[in-house]
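From just these sequences and the hints, can you work out the full model?
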Amino acid sequence: MPHLYDEDPRSTLLIIPNPFLIIRSHRNVGVYFSGMLFALGWWIFLDAYLVSLMSTVPLTYLDWIPGIASSFGLLIVNFIGRSYFQGEQEQVGSVWKMRTSLLTGFMLITGGFAGSLAVLVFSQVYYSGIIQNCLILSSIVTLWFMQNTLEYL
Numbered sequence: 445m446p447h448l449y450d451e452d453p454r455s456t457l458l459i460i461p462n463p464f465l466i467i468r469s470h471r472n473v474g475v476y477f478s479g480m481l482f483a484l485g486w487w488i489f490l491d492a493y494l495v496s497l498m499s500t501v502p503l504t505y506l507d508w509i510p511g512i513a514s515s516f517g518l519l520i521v522n523f524i525g526r527s528y529f530q531g532e533q534e535q536v537g538s539v540w541k542m543r544t545s546l547l548t549g550f551m552l553i554t555g556g557f558a559g560s561l562a563v564l565v566f567s568q569v570y571y572s573g574i575i576q577n578c579l580i581l582s583s584i585v586t587l588w589f590m591q592n593t594l595e596y597l
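Reading the sequence shown from the start, the letters are residues 445 to 597 in our numbering.
In short, the hints are calculated from the structure, not lab data. Misleading hints may appear alongside valid ones.
Here are the in silico distance ranges between beta carbons for each label pair [unchecked claim]: (1) Val585 / Ala562: 21 to 27 angstroms; (2) Gly479 / Trp508: 17 to 23 angstroms; (3) Ile574 / Trp540: 31 to 37 angstroms; (4) Val501 / Cys578: 19 to 25 angstroms; (5) Thr500 / Asn472: 16 to 22 angstroms; (6) Lys541 / Leu494: 23 to 29 angstroms; (7) Asn522 / Met498: 32 to 38 angstroms; (8) Trp486 / Phe550: 19 to 25 angstroms; (9) Ser499 / Val475: 34 to 40 angstroms.
Glycine included, C-beta positions come from ideal geometry on N, C-alpha and C.
This is the structure:
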């Protein structure tokens, strides 16, 4: 079967590969990169916590809550696959449960990020909560993208 650009060799210079096409071997790299972002976020926060213990304004338990909420949101969101929402796994009453769980996960993620902003505004001392939540959010996006795009290639 002839392809579109077989006859004209000059046209192959204009073909740009799809950057969103993920090769199966790159999935593991993306998942490990997502875990690295998650661990880096918590490492930065724990480092700031240990440094704050020696300062005059230590971090309190309120500073931990946004990171914990975002981490639970990551777990909830990534436990649910896209196949539940596209009708591949039809079970009686399971779709609304999955949607409720997904909504709960996204609420935890956004609540964690908003909480880290609120802690920054009220304490105005440490930026570690914002950095932590940004890294956790990028970890969530990376992990969701890597786990769910290969199903449709």
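| field | Hint numbers not upheld by this structure, sorted from lowest to highest | value | 5 and 6
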